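Chains as they are written, first to last, in our numbering: chain W, 1 to 159; chain X, 1 to 205.
Honestly, the hints are just simulated from the structure, not real lab data. There's no promise every hint is true.
[Unchecked claim] Quick list of simulated restraints, FRET-style, between CB atoms:
1) Ile122/W x Asp59/X: 30 to 40 Å
2) Phe100/W x Phe136/X: 17 to 27 Å
3) His46/X x Ile6/W: 16 to 26 Å
4) Lys58/W x Lys44/X: 21 to 31 Å
5) Glu62/X x Arg82/W: 35 to 45 Å
6) Arg82/W x Met109/X: 56 to 66 Å
7) Arg115/W x Val42/X: 51 to 61 Å
8) Glu138/X x Ser116/W: 36 to 46 Å
9) Pro76/X x Lys128/W: 22 to 32 Å
10) Lys58/W x Ser200/X: 21 to 31 Å
11) Glu86/X x Asp72/W: 44 to 54 Å
This one's a predicted model, so the numbers in the text were calculated from it and none came from an experiment. Just so it is clear, CB atoms sit at the ideal spot from N, CA and C, and this is done for glycine as well.
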Amino acid sequence: MGNKIIIGIGEYAVANNPSIIITLGLGSCVGVCVRDKRNRIGGMIHVMLPEAKDKLKKMSKYADPGIKLMIDEMVKKGANLRNFEAKIAGGASMFQTKGFDVGKRNVEKTKEVLRSLHIPLIAEDTGKNRARSIEFHIETGDLFVKKVGGKEKIEIIKL
Amino acid sequence: MRWKDQLNDMKLDVLKEIGNIGGGNAATALSNMIEKNVDIEVPKVHVVGLSDIYKILRDPEEISASTVVPIKGEAPGKMLMIFDSESSKRLISFLIGKKPEDLTELDEMQSSVLKEIGNIMCSSYVIALSTFTSLFMETDVPILVIDMLGAVIAETSILSSEEYDDVIMIENILKIKDSENLSGFLTMFPQHGSLKKIFSKLGIS
Chain W
1 MGNKIIIGIG
11 EYAVANNPSI
21 IITLGLGSCV
31 GVCVRDKRNR
41 IGGMIHVMLP
51 EAKDKLKKMS
61 KYADPGIKLM
71 IDEMVKKGAN
81 LRNFEAKIAG
91 GASMFQTKGF
101 DVGKRNVEKT
111 KEVLRSLHIP
121 LIAEDTGKNR
131 ARSIEFHIET
141 GDLFVKKVGG
151 KEKIEIIKL
Chain X
1 MRWKDQLNDM
11 KLDVLKEIGN
21 IGGGNAATAL
31 SNMIEKNVDI
41 EVPKVHVVGL
51 SDIYKILRDP
61 EEISASTVVP
71 IKGEAPGKML
81 MIFDSESSKR
91 LISFLIGKKP
101 EDLTELDEMQ
111 SSVLKEIGNI
121 MCSSYVIALS
131 TFTSLFMETD
141 VPILVIDMLG
151 AVIAETSILS
161 SEEYDDVIMI
171 ENILKIKDSE
181 NLSGFLTMFP
191 QHGSLKKIFS
201 KLGIS
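Kindly generate the complete structure, drawing on both the sequences and the hints.
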């Protein structure tokens, strides 16, 4: 077992094998997990909002430019863009708000950023109204998604 | 921007007082509804960075029932009334007799009872606060969310944080006198513009 890294809202982490990156309580936020499958370097970012309007704030809160910042750091650690693949989870609409759906916008923006970086999205669990907690295993690339299921149990699915 | 840098002891005391007044009223409302004694602990004011929210929770993945009540008017914000699984089920049984088995599969009656308890408590809080500050405030339609505790708190924080990197929570812990230990967390999340209004209305700037 490698070390476990827990990231909070609007944070990201980059880690070598073997590590597990965890984030808890993704509602409308999106957990974006990117991994170099050859060199086994991975990163996760907890994206809170789609886009930064001005450049004075904490940039890792936003899909754009947060994802790029994380990718840059992965490349600095020796990862190669050509081996990258991504998995995402989150973007739920927990409070069933009408009109402005941040979760959906976060997912759309995330996909757009990944496309622009030519990183293939190989799995996702997004939308609906349940919150998620996720665990990303750098060694295998497995992404475990925990959600509230029936009978007050937490169900775990593997992406 | 951070709240941390803008709050002094005096302002923190005002926030605690808001918790006292609002929480006291909400506890009385609950006590009247279920005809049991409800104790209230001294309110706590948390000023937490958004990325540290999960750190202040004992078990962020605990399944609980939360009523989210938006505050409208001159000082908008959000209120959350959270009961853990066992407390939620007991509360439902106090009011309609039968205790549900599964919190994730409540029928319409059971979930509306729970939502209404949360709604009445949050509204009592807001009415007291509105009277105390002489600012016009009212509550909007409540939403009942049964999900992981950490996610509900994080989501509410995000909605009320606006451009801030941290969030203020005024937390009340309620204890219900019963054969079992029942408790709930009542938390108010003021928006930053609202706090400025409240502070200036009370003569602190």
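Tested hints:
1. Ile122/W x Asp59/X: 30 to 40 Å: 32 Å, holds
2. Phe100/W x Phe136/X: 17 to 27 Å: 25 Å Cβ-Cβ, so the 17 to 27 Å window holds.
3. His46/X x Ile6/W: 16 to 26 Å: 19 Å, holds
4. Lys58/W x Lys44/X: 21 to 31 Å: Given range 21 to 31 Å: holds, Cβ gap about 26 Å.
5. Glu62/X x Arg82/W: 35 to 45 Å: This hint holds: roughly 42 Å between Cβ atoms.
6. Arg82/W x Met109/X: 56 to 66 Å: 57 Å, holds
7. Arg115/W x Val42/X: 51 to 61 Å: 52 Å, holds
8. Glu138/X x Ser116/W: 36 to 46 Å: Holds - the Cβ-Cβ distance for Glu138/X and Ser116/W, about 45 Å, lies within 36 to 46 Å.
9. Pro76/X x Lys128/W: 22 to 32 Å: Taking Cβ atoms as reference, Pro76/X and Lys128/W lie about 28 Å apart, which means the hint holds.
10. Lys58/W x Ser200/X: 21 to 31 Å: This hint holds: roughly 28 Å between Cβ atoms.
11. Glu86/X x Asp72/W: 44 to 54 Å: Distance hint for Glu86/X, Asp72/W holds at roughly 47 Å.
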